[in-house]
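Residue numbers (this note's numbering), protein chains in the order written: chain A, 9 to 122; chain B, 2 to 114.
Treat the hints as calculated values from the structure; they're not laboratory data.
Bear in mind the structure is a predicted one, so any value in this text is a computation, not a measurement.
Worth double-checking, as some hints may not be accurate.
[Said to hold, decoys possible] Covered stretches of chain A, as calculated for chain B (at least 3 residues, CB under 8 Å):
no. : stretch
1   : 52-64
2   : 110-119
[Claimed, not checked] Calculated Cβ distances over 12 Å to all of chain B for the following chain A residues:
no. : residue
3   : E24
4   : F70
5   : E71
6   : E77
7   : Q89
8   : S93
9   : P122
Just so you know, even glycine gets a beta-carbon here, dropped at the ideal spot from N, CA and C.
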Amino acid sequence: GNSVTQMEGPVTLSEEAFLTINCTYTATGYPSLFWYVQYPGEGLQLLLKATKADDKGSNKGFEATYRKETTSFHLEKGSVQVSDSAVYFCALSDMDTGRRALTFGSGTRLQVQP
Amino acid sequence: GAGVSQSPSNKVTEKGKDVELRCDPISGHTALYWYRQSLGQGLEFLIYFQGNSAPDKSGLPSDRFSAERTGGSVSTLTIQRTQQEDSAVYLCASSQNSNQPQHFGDGTRLSIL
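Please construct the entire structure, taking both the sequences and the accompanying hints into account.
See below:
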């Protein structure tokens with residue numbers, strides 16, 4: 009079956025620090041990969057996506073590259089802000105198997121201190 | 002607004018009662034999904050609709066859970082004879098079609114006393 013593994017949180021950083029949140033996946037087919045973000049008291053928002061190997065998704069200074077050889081989709085940002093404090097979810101969808109639903113990782117809480 | 006709308010935002014009910022949760026997807030989105038977010042289980046898929054039909058119901062945890070979608074738009078998730086373990090945030094998402102990214106509503110927080 010499909011699964012997504014994320015690094016345990018919380019991740020606590022100072023403002024302007026470099027961020028990496030690791031995500032690896034297992035999939036039967038050739039999945040599309042996503043990062044969603046959930047700000048305090050809000051719903052899930054799509055942050056970025058990639059649909060094929062070596063694609064780089066980017067948005068709001070965040071980036072992630074689809075690495076088929078390592079089955080990874082790590083999230084990075086060069087300089088975090090306090091406003092980036094949220095829970096980040098890595099997810100996949102696996103159209104090859106007809107599975108339209110998203111499979112999520114357990115989420116990683118990021119706390120950015122001023 | 003233009004986003005996915007869910008109601009109610011909060012629901013508190015007694016064990017054994019039935020509850021109905023509503024989702025209004027983004028206009029024109031043919032695919033609709035229900036998920037559940039709980040502390041112990043993370044984000045779990047419940048059911049997927051394409052139009053009015055549900056080709057994937059594999060995530061529904063028991064026969065107390067059912068969902069329908071009418072007119073290719075609004076969907077309701079019904080939980081019968083609620084149990085305390087049903088307490089969670091129920092999230093609805095929609096997408097233009099099943100190949101497009103999913104957009105989520107703010108969820109319904111369900112608390113079973």
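Status of the hints after comparison with the structure:
no. : hint    : verdict
1   : 52-64   : holds (count 4)
2   : 110-119 : holds (count 6)
3   : E24     : 30 Å, holds
4   : F70     : 15 Å, holds
5   : E71     : 17 Å, holds
6   : E77     : 24 Å, holds
7   : Q89     : 23 Å, holds
8   : S93     : 18 Å, holds
9   : P122    : 27 Å, holds
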